[in-house]
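S.K.: Those protein sequence lines, which keep their order, are chains A and B. As numbered in the working numbering, residues 1288 to 1488 make up the first sequence, in order. As numbered in the working numbering, residues 28 to 142 make up the second sequence, in order.
Worth flagging that the hints you see were computed from the coordinates, not collected in a lab. Check each hint, because a few of them may be wrong.
[Said to hold, decoys possible] Keeping only pairs whose Cα atoms sit at most 20 Å apart, straight-line, the calculated PhoX-like set for lysine-lysine is: (1) B:93 with B:125; (2) B:115 with B:128; (3) B:128 with A:1347; (4) A:1368 with B:128; (5) A:1351 with A:1338; (6) A:1351 with A:1401; (7) A:1347 with A:1404; (8) A:1401 with B:34; (9) B:137 with B:54; (10) B:34 with A:1368; (11) B:50 with A:1334; (12) B:59 with A:1334; (13) A:1396 with B:50; (14) A:1486 with A:1290; (15) B:34 with B:59; (16) B:115 with A:1404; (17) A:1338 with B:34; (18) B:54 with A:1396.
In this text the structure is predicted, and so the values were computed from the model without any measurement.
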Amino acid sequence: MDKVTNVNDLAVNSNGAVRHIAIDTNVLLWMFYGNVSYVGNARTQQKDYQKVLKTFLSNKNVFKLHTTGINVNEALHVIEKTECEIYNQSIVNGFELTVKDFRNIPQNKINLQKTFKLFWQQIVRLIKIENVSLTKDMVRDYIIQYDRQNYDSLDFALVRWCQENSINVIMTDDIDFVGNDIGIEILTANPKALQEYRKSV
Amino acid sequence: MRNILVKDIAPFALAEEDGILLKNQIKEAIEKNECVCIDFKDINLFATPFFNVSLGSIIVEYGIEKFDSNVLVTNLDELGQETYQHSKENAMLFIEKKINKEIIEEVVLKNIERE
Chain A
1288 MDKVTNVNDL AVNSNGAVRH IAIDTNVLLW MFYGNVSYVG NARTQQKDYQ KVLKTFLSNK
1348 NVFKLHTTGI NVNEALHVIE KTECEIYNQS IVNGFELTVK DFRNIPQNKI NLQKTFKLFW
1408 QQIVRLIKIE NVSLTKDMVR DYIIQYDRQN YDSLDFALVR WCQENSINVI MTDDIDFVGN
1468 DIGIEILTAN PKALQEYRKS V
Chain B
28 MRNILVKDIA PFALAEEDGI LLKNQIKEAI EKNECVCIDF KDINLFATPF FNVSLGSIIV
88 EYGIEKFDSN VLVTNLDELG QETYQHSKEN AMLFIEKKIN KEIIEEVVLK NIERE
């Protein structure tokens, strides 16, 4: 089973070897999406991920960060859905606009575009966004291996890209990455994922 | 006018914990009715949560008029300026629409943790 490491236990390698780390969608959101700042003390993940990001940036010669266009796109969907639900519950008091209706209101479209643009630009300054396509072969392989892994097709695309590019660490908040055997170390601040791993080793 | 050099707090405007340190220094000045200049010289990495817990949070707590009369923000590059403006506009919307923080917390947690 792949090793799962708490982000707070990450050691800065001093032997000069470069460590390439792939960043999953949920971690991008915990780091860069503005509304996470309203999540008080209910979760501590965002503080841990933001802290480790500082460690990465302070040791730029050791850590190289990557994510994929698929992950950023997935994050944009989450942001759009989240903004829509906040709008429904706060601005129009429980009136249930669909995401499509929500985005078609001109002012919402402007606000969403601004949020997306900032999210993208902030990421691009720190993390290399890799071109990854969800190809026909990849979807076929995902279906074939479906009974042997816990994660979804978009996670599969990230894993496949990591394997093809010799990247052996993924930082994720997704518990679905625990309990697999894919030759990739999982870096997380998710207490449930860490607990699950401890139980199984 | 009191001057706060952000790089004395943190090398990047990224983490909420650093944003809270900045907020505390601004609060201290405002409570003494001092004007304060927030200087982002040499800072070029930004994340929206940092601005929300520092400057945005000050706007929500003291109101936009008090903020604009007491706080000056300088030396932000284009991305920093856009992030700051976005955070400021969101804080003003938060006040205007009386948005409930608990609702945002609940929705954000539900959607991020589903990923």
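S.K.: Each hint should be assessed against the structure and marked as holding or not.
M.R.: Status of each hint after checking the structure:
no.	hint	verdict
1	B:93 with B:125	holds (18 Å)
2	B:115 with B:128	holds (16 Å)
3	B:128 with A:1347	violated (36 Å)
4	A:1368 with B:128	holds (17 Å)
5	A:1351 with A:1338	holds (16 Å)
6	A:1351 with A:1401	violated (27 Å)
7	A:1347 with A:1404	violated (25 Å)
8	A:1401 with B:34	violated (26 Å)
9	B:137 with B:54	violated (32 Å)
10	B:34 with A:1368	violated (35 Å)
11	B:50 with A:1334	holds (16 Å)
12	B:59 with A:1334	violated (30 Å)
13	A:1396 with B:50	violated (31 Å)
14	A:1486 with A:1290	holds (13 Å)
15	B:34 with B:59	violated (23 Å)
16	B:115 with A:1404	holds (16 Å)
17	A:1338 with B:34	holds (16 Å)
18	B:54 with A:1396	violated (34 Å)
Hints 3, 6, 7, 8, 9, 10, 12, 13, 15, 18, counting from the list given before, are not met by this structure.
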